[in-house]
Structure formats: C-alpha cells, structure tokens
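Colleague: Using the sequences and the hints given, assemble the complete structure.
Protein chains: 2
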Amino acid sequence: MAEDKLTKRADDFSEWYNQLVLKADLADYAPVRGCMVVKPYGWALWENITAVLDKEFKATGHVNAAFPTLIPMSFFEKEKEHVEGFAPELAVVTHGGGQELEEPLVVRPTSETIIGYMYSKWVKSWRDLPILIVQWGSVLRWELRTKLFLRTAEFYWHEGHTAHASIEEAKEEMYRILDIYERFCLEEAAIPVIKGTKSDTEKFAGAQITTSIEAMMWDKRALQSGTSHYFGQNFAKAFEIQYLDNNNTLQFCETTSWAISSRIIGALIMVHSDDQGLVLPPRLAPIQAVIVPIFKTPEEKIKVMEVAERIFKELKAAGIRIKMDDRDNVSSGFKFNDWEMRGVPVRIEVGPKDVEKESVALARRDRPGREGKSFVPQADLNITVSGLLVEIQDSLLKRATEYRDANIHHPKDYEELKKVIQDGWAFSYWCESRECETKVKEDCKATTRNIPFDQPDEEGICIVCGKPSKRKVYFARAY
Amino acid sequence: MAEDKLTKRADDFSEWYNQLVLKADLADYAPVRGCMVVKPYGWALWENITAVLDKEFKATGHVNAAFPTLIPMSFFEKEKEHVEGFAPELAVVTHGGGQELEEPLVVRPTSETIIGYMYSKWVKSWRDLPILIVQWGSVLRWELRTKLFLRTAEFYWHEGHTAHASIEEAKEEMYRILDIYERFCLEEAAIPVIKGTKSDTEKFAGAQITTSIEAMMWDKRALQSGTSHYFGQNFAKAFEIQYLDNNNTLQFCETTSWAISSRIIGALIMVHSDDQGLVLPPRLAPIQAVIVPIFKTPEEKIKVMEVAERIFKELKAAGIRIKMDDRDNVSSGFKFNDWEMRGVPVRIEVGPKDVEKESVALARRDRPGREGKSFVPQADLNITVSGLLVEIQDSLLKRATEYRDANIHHPKDYEELKKVIQDGWAFSYWCESRECETKVKEDCKATTRNIPFDQPDEEGICIVCGKPSKRKVYFARAY
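Each protein sequence line maps, in turn, to chains A and B.
Going by the numbering used here, 467 is the number at position 472 of the first sequence; the sequence numbering is gapless.
Going by the numbering used here, 47 is the number at position 52 of the second sequence; the sequence numbering is gapless.
Quick caveat, the hints were computed from the structure, so don't treat them as lab data.
Do not rely on the hints blindly, as some may be mistaken.
You can't tell identical chains apart in this list, so a pair holds if it fits in one copy or across any two.
Said to hold, decoys possible - The list that follows gives simulated cross-link-like pairs (lysine to aspartate or glutamate, EDC-like), each with its CA atoms no further than 16 Å apart: (1) 116 <-> 20; (2) 330 <-> 84; (3) 318 <-> 344; (4) 116 <-> 23; (5) 434 <-> 235; (6) 311 <-> 375; (7) 462 <-> 375; (8) 190 <-> 167; (9) 73 <-> 400; (10) 352 <-> 240; (11) 291 <-> 321; (12) 308 <-> 321; (13) 50 <-> 269; (14) 436 <-> 235; (15) 434 <-> 411; (16) 215 <-> 400; (17) 18 <-> -1; (18) 330 <-> 320; (19) 462 <-> 430.
Modeller: See below:
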C-alpha cells in the first residue's frame, strides 16, 4: 500500500485526502453509490472516539438505547421545517416481505421523530423527566457525491435526544453537551474548536437554536465538527410529548438533540496529517507505538528479537497500544513508510547496534525525518514513550491552534473580507440579516460558521452593510 | 410499573413473557410493525453482552469494521440458496433522494454478500489471509408478528465473516467461535447449551455446515442461541474471493460466518426468570445490587442514609454495579417489587435496626421470599456481596442445567417420542433423512435442533423409521 507516494497536500488537497484515506487503510468505497466501508483500522479509530464520548455521556447521566432504523414517512410530516429539510435526502422502503407497503418507511436520516413518538408514550409526569437518551448507530441521507468520512450517504454517529421540564434545563443540556464536544476535541482529538450559535439559515431543520463547534482544516476551510440543538416545544408539540407538572397541569416538554459523526475522522485527517500520510493524536490512535526490529543475519535476528519482544511486553504492560511489525517479506524502509502512512505516533527501531548500546531509536510521527528522531536508553522505555506520547498530543494541539489563529483575519472592510476569505476565516461584525449572509455566500462562497459565545466587549457595524451589529461572526468557506 | 402483577409463568408462558419484557423496562413496541425499541435498561444488558463477546473476539485476532446497511438487490442473486432463503424477508428501498432508483437496494438481512464483494477486492495473496472481521449492528428480516427480542423485523447482533486459505482453518474457525459462544452462555449467561451440527433442512441459506448452540427454555422449548457456519467456497465463488497461494496459483477462499443476536436476551428471560419478573445472572446484570434505605422519621432518615451512602461508596469502589434507590415518592414494598421485576440479583435493605446492629438485610433475587434473605454485618460487605454474586451466578447455571437435563428424554420408540416431546426434548437416533425429519415435524411440531458433537460410542437405529443410524439428534419444539 505504502510504496507509491501520496499526492502532495499543497498541490491538490482534495486528491491528497482521497488517497490518504485509502492508503492509510481507513475506509473504502462501497458498491452502493454514496456509501463507504469503514475498514478495521478506521473502525478501531472510531471505537476509540466513541469510547471517550460514551464515558462522558454516561458520567453526565445519559443512557443508551436503540430505536428502529425504519421510520414511517408520515412521522416526518409532523414537523414542518423538519420535513422540508430532510425530504430531499430520504431513502424510502416501499416493499417489505414481497409486498408493497401501505405506508412507505424511511431509513432514518436522524431520529427526532421516532424518538419523539416514543417519548410521548413514556413521559407522563415531571418525575419522568429529564429523559436523557443517546443512540449510537448510522443514519442515511441520500448523497451521490462520495468523499469518504466527509460526505457519504450513510454515516456513523451518536444522536442524543433529551426531554426536559423547563427551558433553562433544556438549554443547559445543550450547552453541557457542547462543552463535552469541545473538551473531546481539545483533549482527545487535539483539534481547537470555536463554540457558538448558528445563524437562522444554518441551523438544524426544526431547531430553535443550533450551537456548533467549528474547526479549521489545513486548507483553511471550516468543518462543523459537532452540533447541539435546542428545539423548544417544536417536537414536543408535533409528537405530543407532555407531562403533568407538580401542580398537576399538563405541559409540553422542552427537547434537545445533538451529535458528533464519523466526519470527525475527516477532521483528524485534514487538521493533522501531512505528505507522509495520516498523523493521529496519541490518545485516539489505534496503535500508539510500533516496534520495527532491524537485522540482516540470523544471529542478529535472535539478539534483536529478544530485545524487541522484551520491549513489546514492557510497553504493553504499561498500557501503551503497541504493535510489533515482524513481517519478513518487506524491508524496514517499507515498514517505516507504512506506519507513517497509518499515522502511528511513535516508531521504535531496534537494530544490532541498539542491542549493543542498550538503546533504541524513537521516531516521532508528527515530526518526520531527522528532527523527530532520538536515541534513548532501553531502561525505563515505557516511561520515555509514555512521556513522548503526551508531548506529541500537546504538540499537535499547539500546532493546530497556532495555525488556526494565524489564519483568522479581522478585515477592516468588505473588500478586505472578500480577499482574506480566499485563504482563511474572517471574524467580523454582522447585522444578522439573511441578506448580508446571502451576499457573502454569493460573493465569496463563504458561509457564516457560528456566532461565538466568546465575543468582544463592544458593539460594532456589520462588515457587509454597515448597519449596527451586536455580535461578531466567523465567515469561512466550509466542508 | 411494578404494582400490577405479572401473569403467572405456569398459567400462560407467552403472556408472562410479553408482560415481563415491558414491566422490566427492557423494550417496547415500535410504531413500525414488527419492530422494537430497546429501552435503556435492555440496552445496558445488551452492552454487557456485547462487551464480553467483543473482548473474546479481539483476543482471538478478530477486528471490527462497518459495511453499508444497504445492499444492491443483485448481490443476493449471486448465491442461489442464499437468495431463496432471504428473498421473502427483504425490505426494499426503491426511492432515494426523491428519485426512483435504477437498481433497488435491500436493507441488509445479513451481510455475506456485501462483505464477500469487498473481500474479493481486498484479498490478493495468501499473505492477506485469514481475514477475520466482525460487524456489530442491526439487520432487518421482514416479520409481521412481533415478540420482543425473540421475533422482530429488526434485531441487533454481531456478524463475523472470515476468509481462509484452507478448509481446515475455516472449519477450525467455525468451531473456535462456537466454543466462544458456549463459554459465553455458560460463564456469563448461566445458560447451559448443547453444541452440535444442524441438519440439512435447518442450516443457514448458503452454508455447507451450520453449527449451533441450543438452549432449553423454562417451557421446555428450544432456542437456537448462536450459530457458526462454514460456507466452503460457495460465497467465494459467487463473489470471486480469490488469492494467490505460495505457488502463485489462484485459489478460492474458504469462508465462515457466525452470529449471536439480541434473541439471547429472550433466552435470559425464558431460562431464569419467574413470577416476580426478570432474573438476571450477576455477570450480565446492568445493576448487580440495589440499596433500599428504610426509615420513617427524619431522624431515622439521617442515620440510615449515612450508612446507606457509606455502603454505596464501598461497593462501588469494589467494582460492584450498585444503585441507590432513594426515591421518596414510593414505598419500600414498591421498591422491592420494582427491583425484583427488573431482576437485580441482590437487594440490600438498610433500616434503623440495621444501623443499630451494624448489619444489613440481603435478599437474593434468585430465591424470592424468606429463603433468600439473610442478615449480615456491615463490615466487609463488599466481600460478602461479591461472594453472593458469584454464588447466585453459579446457582443459576446449576438450576438451569438440572432443569434441562431432567427434561431431556430418551424415548424407546416413536410412540414414546411423540409423547415426551410434548413436554421436553427427545435425544434419539435418527437416520438423517429428510423424510423422517418431516414426519416428526408434522406429527409433533418438533424439529431437529442439532446433532451434538458429544455422542454415545455405539450406533443405533432411527427412532422414526428403524433404519441404521450413526448419530443421535435432539428433537424439540422450538422458538
């Protein structure tokens, strides 16, 4: 896989991405148009992502459940904006068990409707609230163009769906989840994100408020990396999710939903990776360190393998996700390239000289070439490697943050905005009118990403129309 | 939920089951005919099941991956027996993105076809083998009658799909997995199972050999609890899964597939549970012990809660999945019934007298009433409870095994078989002809369950036709 080189990232970012996903063995194209196969290496990465998030959700009182994949078409028609948003993307089952169905069923594109229907059956009293359920699985939104992980008809995600007695509590939930998403991105994915509120045009179909985290990719385009929605009573009214409050009065619930999808793997690639292939943050990497034993003669092999195997056991015992590459049909150079392509954070080389000197060579994936190479003692190697993994994790976040910050611009006028947005984000005052938003979209192919919670103290004037503006927004071209 | 009593198990087993699933809060009926919603408590149980199996599969070299939910209809037509078996059960997507599709897509009923297609792309050389992939998810087989967990259109499972270079290795894999399934049932689910080979009529559509584990439910019907199939080259030929062997000759792979589904939750219910509700083996129970604090006055509450909370922390720290029931709107009696209904293995009661005596009352779920109750010191309660959980686990397996063995009959002739099979299994010689199998089915509504690996030393004569027979088979009525 790794012999032939990647297209250079700077030459053709899109082609670089497509090749990398295949060569790093993360995913493949499925025989169904628009769909992907997540290969074992990609799925191991996704499992690490889901394990962290699942733990966070459980720690904050959420529970998992499973709702049907098929949803009656009529359910979508109960919430007007929701059906308008999703109707063009639906995959429809018309036949089952050899017969035409009386009512067509939809392969879920998202589950607000069927979960809302069930909540209306389950919730009776204020004592049943809040209800905090997460579903892990896949959803399907019809899509013919395929970009693995970033744009596929079927994708993987969790969808959280909660119902509450009060507006305050529902909004708190929405923000709590966004904080979990931010923490996940910073601490696990090493991706800096901006938390904020989506504009009316960019919000989820049926939501009153959509909040998001937005990340900058290496090509400076934005990727919405997670969303958390507050629905008010929209879905509660559409599905009659009602409870008796402690005055015995019937009330509608306030609901939320939220998600991070397998797109986040696209973000990991587009933020950290390079011309040698994938670069993964150690905390999420399926393999954190790989041992490559190097020898020529059978005598060397015996000596080298003895040390390599001892190191393997020590590092495994220390909880490091370690791999021994003892393939005998490829060269060491091939192995180096191969594991670089797959983004393993640390490579440990053990050769005859290392055996003599009681040392090993460590190579950092985030700094390819000589710069990232060091020779360290075999003694306490588990401590050395653990420390290096932490250093790489921190270093990736620092690099991505500096890069992002260096490419956020503060244009002084609309002319400058049009220029800077070709190669970065613009952080500008905006009057929050649809007209100005549309103008930017038409002029620059850029959208409002979000209105960040973190705002300057003073007010300003809209960069597009010059009218007074209370809040700044991020404009960027996006995936 | 728990106020109203269950129908008695002995009065109407089917109705008892249906009520129990709902009252124990495991699952609910979905608005789509044939489908279910697995509620948080049921899903927590499923997560415990999947965690054990996932660990076993990974320990034996398997990796997880994800293949599309939708499969082109034409894929099913490539393996003749496979399409015959599944065609009547397919849910068919005919429209996507607002347009009629050129080729209909099927919501996967099982994934041999699409995984076989991908393997044909991935496998090139003997060095790529074996390929050992597991997919966790749901599948859909059209079904109008709904029996939660036992018979639903959509159900949850893992499906393992492996490709090998040799017949021996593929068969070894099939048996290895069956051993994992048996161990899981014995050690985790406390369900004794019989391993064996399915008859030709009962095997999986497209398999050369189907092996199964079969368990006896409380009503003495059999439940196929897991299957492991050897396909020979059937799917390899249909999908051209070929490799170059080390003589550089193109060969077809040998493939297997295997599964345990969410039906196993039905087995847990029907093997262990009773008139008070669910009984769960401690190793799989989402909650292993529940603390019910008992008090009347505010003074008592302070004293009792102090002890209850200390115990909660101690048991949690000891790794016991513990729940504190401090609800203030229901009586202790209600709580007892509620946790009995949900099958929590151990109830810990703490009242004012227990505080004084530095003791607690322990109630075993597997022995309701006075028999299962004991008073033990608060000191070292984590050790006491851990020990009790092990004892309950062992006791459930022992009880189920004795029950099963007591209800396996060895009829001396066909007349006796017809009688015993009304209320048990028959273990009898069978000539392995389809005629005799059909006759038993017509006469007794019983099927051959499997031809167990564990066989008597001598040969015999078929219980139906009297012809010579090499092996005994289990006949039983089944789910």
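Colleague: The structure should be examined with respect to each hint, and the outcome stated for every one.
Modeller: For each hint, the structure was consulted:
1. 116 <-> 20: between (44 Å within a copy, 13 Å between copies)
2. 330 <-> 84: neither (43 Å within a copy, 47 Å between copies)
3. 318 <-> 344: Within. Shortest intra-copy distance 12 Å satisfies the 16 Å Cα cut-off; inter-copy 49 Å does not.
4. 116 <-> 23: between (41 Å within a copy, 10 Å between copies)
5. 434 <-> 235: Neither: 39 Å inside a chain and 54 Å across chains, both beyond 16 Å.
6. 311 <-> 375: within (13 Å within a copy, 34 Å between copies)
7. 462 <-> 375: neither (63 Å within a copy, 72 Å between copies)
8. 190 <-> 167: Classified as within: same-chain Cα gap 14 Å, cross-chain 53 Å, threshold 16 Å.
9. 73 <-> 400: neither (43 Å within a copy, 55 Å between copies)
10. 352 <-> 240: neither (74 Å within a copy, 41 Å between copies)
11. 291 <-> 321: So residue 291 and residue 321 pass the 16 Å test inside one copy only (13 Å; across, 68 Å).
12. 308 <-> 321: within (15 Å within a copy, 47 Å between copies)
13. 50 <-> 269: The answer is neither: 31 Å in one copy and 33 Å across copies each exceed 16 Å.
14. 436 <-> 235: Classified as neither: same-chain Cα gap 38 Å, cross-chain 49 Å, threshold 16 Å.
15. 434 <-> 411: within (15 Å within a copy, 86 Å between copies)
16. 215 <-> 400: within (11 Å within a copy, 69 Å between copies)
17. 18 <-> -1: within (9 Å within a copy, 60 Å between copies)
18. 330 <-> 320: within (8 Å within a copy, 56 Å between copies)
19. 462 <-> 430: within (12 Å within a copy, 88 Å between copies)
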